[in-house]
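Asks: Given chain A, work out where chains B, C and D should sit, using these hints.
Number of protein chains: 4
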Amino acid sequence: MAADTTSPATLIALLHGPDQPGIVARVAGWIFANGGNIIHADQHRDEGEGIFFQRIEWAPSFAKAGDDVPSPAQFDAEAAAFRHFAASNGMSAQIAVSTHRPRIVVMASKAPHCFHDLVLRWKAGELPADIVGVISNHRDLADDSAHYGLPFHHTPTDGVAKSEFERAQLALIAAVKSELVIMARYMQVLSADFLKGVGCPVINIHHSFLPAFAGGKPYHQAYARGVKLIGATAHYATAVLDDGPIIAQDVARVTHRHDVAALIRKGRDLEKFVLAQAVRWHLENRILVFGNKTVVFD
Amino acid sequence: MAADTTSPATLIALLHGPDQPGIVARVAGWIFANGGNIIHADQHRDEGEGIFFQRIEWAPSFAKAGDDVPSPAQFDAEAAAFRHFAASNGMSAQIAVSTHRPRIVVMASKAPHCFHDLVLRWKAGELPADIVGVISNHRDLADDSAHYGLPFHHTPTDGVAKSEFERAQLALIAAVKSELVIMARYMQVLSADFLKGVGCPVINIHHSFLPAFAGGKPYHQAYARGVKLIGATAHYATAVLDDGPIIAQDVARVTHRHDVAALIRKGRDLEKFVLAQAVRWHLENRILVFGNKTVVFD
Amino acid sequence: MAADTTSPATLIALLHGPDQPGIVARVAGWIFANGGNIIHADQHRDEGEGIFFQRIEWAPSFAKAGDDVPSPAQFDAEAAAFRHFAASNGMSAQIAVSTHRPRIVVMASKAPHCFHDLVLRWKAGELPADIVGVISNHRDLADDSAHYGLPFHHTPTDGVAKSEFERAQLALIAAVKSELVIMARYMQVLSADFLKGVGCPVINIHHSFLPAFAGGKPYHQAYARGVKLIGATAHYATAVLDDGPIIAQDVARVTHRHDVAALIRKGRDLEKFVLAQAVRWHLENRILVFGNKTVVFD
Amino acid sequence: MAADTTSPATLIALLHGPDQPGIVARVAGWIFANGGNIIHADQHRDEGEGIFFQRIEWAPSFAKAGDDVPSPAQFDAEAAAFRHFAASNGMSAQIAVSTHRPRIVVMASKAPHCFHDLVLRWKAGELPADIVGVISNHRDLADDSAHYGLPFHHTPTDGVAKSEFERAQLALIAAVKSELVIMARYMQVLSADFLKGVGCPVINIHHSFLPAFAGGKPYHQAYARGVKLIGATAHYATAVLDDGPIIAQDVARVTHRHDVAALIRKGRDLEKFVLAQAVRWHLENRILVFGNKTVVFD
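Chains as they are written, first to last, in this note's numbering: chain A, 1 to 298; chain B, 1001 to 1298; chain C, 2001 to 2298; chain D, 3001 to 3298.
Some clues are possibly wrong.
Straight line, CA to CA, 27 Å or less: simulated BS3-like cross-link-like pairs of lysine-lysine [to be verified]:
1) B:Lys1123 x C:Lys2123
2) A:Lys293 x A:Lys217
3) A:Lys266 x D:Lys3196
4) B:Lys1110 x B:Lys1196
5) D:Lys3266 x A:Lys123
6) B:Lys1293 x A:Lys266
7) B:Lys1217 x C:Lys2177
What the hints contain is simulated information worked out from the structure, not anything from laboratory work.
Isolated chain A (complex conformation):
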């Protein structure tokens, strides 16, 4: 699943645009004509909207096992040529190189479970990326961050204007050239300004089965309603709270024996698992956002 660094590098394109006859053959033909070898291809047609979606991965002609490592410029040139080809067919394309490891900033508050889970998965080689920093409005995770060898940044929120501490956070994110921000149970609502300024995708984990129980204290809401399943939802953060494109969801069975504390405990496992899955899919370039929904090529 994760990119194997000993394999030759590949290019991965996420394409979408108006559906049209022959488009699959035309994409495959372009890659073939340029000397590439298609490794994976998966496509989807939204029949209602008339949209074609594709994830296609290929080994370009210049990246062969045993050869010299190709230069970034070679990949950039191939990506640019493909983007040009896509555009000339009415498609937009995002293109990634499989060996590129995006830089990640993790934001957290006091709850440590998603933080540890992400870092330990990363250390176990499950996430093809580099976690380059931790930002928190509390100091609770400072020692663990140090043990993990991660720079820890404390941006207190108590008694500080949101515009001010968010500015500090944005500066930290920009300084490390972060390509993904993960809200690992960071407990502050992000402002529209933050999201406008962050400059990279933000993945959030919400501790309910959205759209049920959006907003604060979802486990308390679930308990009050007497549901028989609790859930967790990973989504891209947008300016509307808990309303962004959903990436992954899961649920767990509960009964009348589970009080709010038990829901919170049981929910932690869901949150860890769902957030990690969403992050892995994102890093493997499997997610295409279209409108307020996602196409996940898993």
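Replies: Relative to chain A, chains B, C and D alone:
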């Protein structure tokens, strides 16, 4: 699970009231002092509300294997005595005899899947009850009902005032002395008057994971929101649409490849399964309704 | 999901053979060069074995919405040409026309649940096929078959040599030109001769999570071992009992409270669901058998 | 769920013996007569074997909120009296005090995921126990153990006779008076002598859905068989490999796209979750072993 008609009959009490020290021993002691033998007992304390809940099943002294079959009057007397005992301890109690098979009316519209599923489970011996009639606002299920040997009643809704067709339905339900009404994807909203007049519990299946997507066309709502799981919810019908106490819920995984038709098809399996489970729990006297929630002793 | 009979017909090819550079582009190119439009394509590489697998569906040039319905001979010619193309690239291909409805024979014994489930799904339009007959070694399902309008054939097994009743069954299957046989909890072990003679795939449902509890009385085996999950497995029948390529599996949670009868009851839901899923995938030409395993393009 | 150290202490008894009329009332009556208040009670009858099982938790007369903390001697006396009462009714009883935190030794090899998961749950307050040491045949987890404040003991196995390194391990386990040993993916088969000498229960996690794929390399076995679900099983270790009483199991869906490495990665989540659940149930005194099976009062 289902009552075995060759076993001696038992009494099943569902009790609840303010929690108090010694209550478990007192209930057990009463049954023992009356010559009964406790077969199952399960209790729950709601610590927040200070309420004690119990399901307790016992073989009364007069119902022993090999003896003459005890008379209904004997059960009635024991039940009355227990209820009196419960009341004197501040508890309310519902009591059922395990060999009693409640009379069920199934209401349906055009969609046949929940209807067939319930009837076939009943014929397979999974439901300790008797389905005594089918009411529908369409004729689609008339032939199948006849094949199953079930009286079928057509109460058309098109061009008929709701108060009028509901009056006809209530008369049919009363005429067969129904003790449970199951809405097997019956597609009309029940009026508050219907629910006031029906005289027995009504179990409904809603085709979403409530409280998400209450109301009409839940699969269309789910598709529009881009959720990654669809659900079904069985609940007791109350005057507020899709808001009654939840009995059972389940979900199934979906992807961007599932259009609304696929959600509907996949959802049918959920609806059948969740509705059947709720009905079985109800018939086995496992459900205590408290406020707008259920305690399910499974 | 199911073939929509109002859509123009498509061809669906299941391909496999030694992996080779450019194969995706070559297949797409052939279809394009022949005037076809690719609707879906999904592929898989078994890196260990070096095998390429693909399911590809296309609308051929002669089958356009609004046109005259193309003749079977046109499809046959396109299929033959594609097979030739595949062979010349070292691939073998099975090809189906989306509008073709395979003829199915269902074999059952006394247990009715999988039988009803399959027939009701078929009547609900979930299975793009035609059930053309029921064969059973008992008479229990004769009336229900008649109600469903299905020819019912009784091939008694008690006091009859296996070679004799299997000969009768094979004759019935051949007479209706069956293209798929479904063992819907048919409780006789099929002989190697039967499987050699049947002339079409046979899908079986085994009531355990294979390879655990192969052979007889799997729920009794599961109870004795004290497992916490029970399962069901749909697989293609082969001459080795319960050892054929697995198509679909599912499990359900059980506890010490479930005796063997409860496992059997709970297992019925698994068996129905897993068998139906396997049959649907088979009918939608999503399954490629390779060695003793399946590739399921879902 | 977890014992709340601010609550008054309770006694938890796990009872079993031949079923007999009136036993529920007699147990409740004994507790009541001794001034205790029953907090939870759950029972089970194995009808086939004629065995009665019960988990019962009560607040003894001498342990009331606000009072002085009762002495261990008071609990010992009540436990001894209850054991005497149980024996006189043909029952055996294990009794625990809710505030007692068992001492745990974790054994691991190189794979870190179950080790981190258990320790982080413990630090989050999910496990009412004290991890007092880590034993490993490799040094990989030494630094992390130090960071967690846990004594780490290296007992190399390479080039050392099993009898010798097991003797060292048993000495370490005895020295810390361990009351539970957890094999957190410790990759050596335990000898019968080890299990005889360890003096406390041993919980193991096996990375398959037992009884399928017992023994070595279960993910490789699962891949070779082409199963569609992988599993994990937590069980008490016995002298027969992978054959002890099963406590908890879970599964995850896989497809042909998952190679062995992907099964291993996906399986890690199952292993962590299933092992943690088994350990929590054990620590909450919810598990009664009977023959080669468990009764789990969850």
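Asks: Each of the hints needs a verdict: does it hold here or not?
Replies: Each hint tested on the structure:
1. B:Lys1123 x C:Lys2123: Holds, because 20 Å separates the two Cα atoms, which is no more than 27 Å.
2. A:Lys293 x A:Lys217: This hinted pair holds, its Cα atoms lying about 25 Å apart.
3. A:Lys266 x D:Lys3196: The given pair, whose Cα atoms are some 35 Å apart, is violated under the 27 Å limit.
4. B:Lys1110 x B:Lys1196: OK: Lys1110 of chain B and Lys1196 of chain B at ~26 Å, within 27 Å.
5. D:Lys3266 x A:Lys123: Holds - the C-alpha atoms of Lys123 of chain A and Lys3266 of chain D are around 16 Å apart, at most 27 Å.
6. B:Lys1293 x A:Lys266: This hinted pair holds, its Cα atoms lying about 20 Å apart.
7. B:Lys1217 x C:Lys2177: Roughly 42 Å between the alpha carbons, so the hint for Lys1217 of chain B and Lys2177 of chain C is violated.
Hint compliance for this structure: hints 3 and 7 are broken, all remaining hints hold.
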